[in-house]
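Enquirer: Chains as they are written, first to last, in the numbering used here: chain V, 6 to 206; chain H, 6 to 206.
The reader is advised that the hints may include incorrect statements.
No distinction is drawn between identical chains; accordingly, a pair holds when it is met within one copy or between any pair of copies.
Stated by the list, open to error - For lysine to aspartate or glutamate, the following EDC-like pairs were computed, each having C-alpha atoms within a straight-line distance of at most 16 Å: (1) Lys29 with Asp96; (2) Lys29 with Asp84; (3) Lys29 with Asp93.
Hints were generated in silico from the structure; no laboratory data involved.
There are 2 protein chains.
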Amino acid sequence: MNFPSRLIEEAVMAFSRFPGIGKKTALRLTLHVLRQDPAEALQLSEALRKLASDIRYCQQCHNISDADLCQICANKQRDAGLVCVVADMRDVIAIENTGQFHGVYHVLGGLIMPMDGIGPDQLKMASLEERVQSGAIREMVLAFSATQEGDTTAFYIARKLKDSGIKMSTIARGIAIGGELEYADEITLGRSIQQRIPFGY
Amino acid sequence: MNFPSRLIEEAVMAFSRFPGIGKKTALRLTLHVLRQDPAEALQLSEALRKLASDIRYCQQCHNISDADLCQICANKQRDAGLVCVVADMRDVIAIENTGQFHGVYHVLGGLIMPMDGIGPDQLKMASLEERVQSGAIREMVLAFSATQEGDTTAFYIARKLKDSGIKMSTIARGIAIGGELEYADEITLGRSIQQRIPFGY
């Protein structure tokens, strides 16, 4: 593609480095920036600059935070003894949106992926063990995606902490609410039968 | 959605103002910015800042340009008497990529859309007439999308300049190269029959 201006080219190149954004979409985004109020473009520019330079992480749970301790860890209403271990910030947002969890989190910063060179040392695993050793954790919920990596990470943590005496659980796998049986894959359906839960009056 | 940090929230809000980008995609882009090298985020930040403040337009064709005259208008190799009139910069890029046009452009900055309050006065129409009156234009190609708005704009220009003596044409409509007849819509197929071109030895 030939661009009429170096400024356009720079913006298109920068946008097209995002996952899932090709040259055409990048150009569409760039043209949108040109058409909109310059103040809005400056706002995004400023937000990105701050993301690159000012972002901080909670010293306890490693979630992104504006202070040394994130809003959740700092909240006295939350059950500090109940810790939900997740891969990244998106999972925290997803679980918070359910309104069903009243404990605190531990953000690992990823899942164990040996093929990509990501082992326990690349994740916030040592810091999780420290929290366990400090005696602050009573119960732990492992909330990982139902993938190979999620299972590997869960098994690693369960084995590592098996002598800690902490009550440990993992989020339930099964048929999604509203999901139809006939369209469920065999593995999910199989697991939801194995892990059937008591029901009835 | 509840965000763990104001910085994240600002970035997500800024991204989600783009067309076709919702909150989830905006969050995905924001997290990508966090994961990548801060230098790349700063590059995009800087590119956006420049787009908002430093962008300039060619004084002759109104295409985006780094100088008073764009690379195309300034190029002595191009046929300055042959002008292709287009709606916006994307069309210039698309036509340039074909390598089939050796004239110069006139970028209207949109199409006539009375329902959206966009009339000839909101477009670079007066400037096109000036270029015509200066006698610099010998032939004009109207290259608009095959939509109601494109047709309206083409008819407006054709009527406005009918006494100018300029040779005027519009790009051909028809079956796309590689397109199958049976899947072509009736209007396109109908037009391609009406406007059939001589063929044979």
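Enquirer: With 16 Å as the alpha-carbon cut-off, assign the pair lysine 29 and aspartate 96 to within, between, both or neither.
Expert: between (31 Å within a copy, 12 Å between copies)
Enquirer: Reference check for the pair lysine 29 and aspartate 93, CA-CA at most 16 Å: within, between, both, or neither?
Expert: between (30 Å within a copy, 15 Å between copies)
Enquirer: Within, between, both or neither: how does the pair lysine 29, aspartate 84 come out at a Cα-Cα threshold of 16 Å?
Expert: neither (48 Å within a copy, 28 Å between copies)
The structure fails hint 2 only (numbered hints given earlier).
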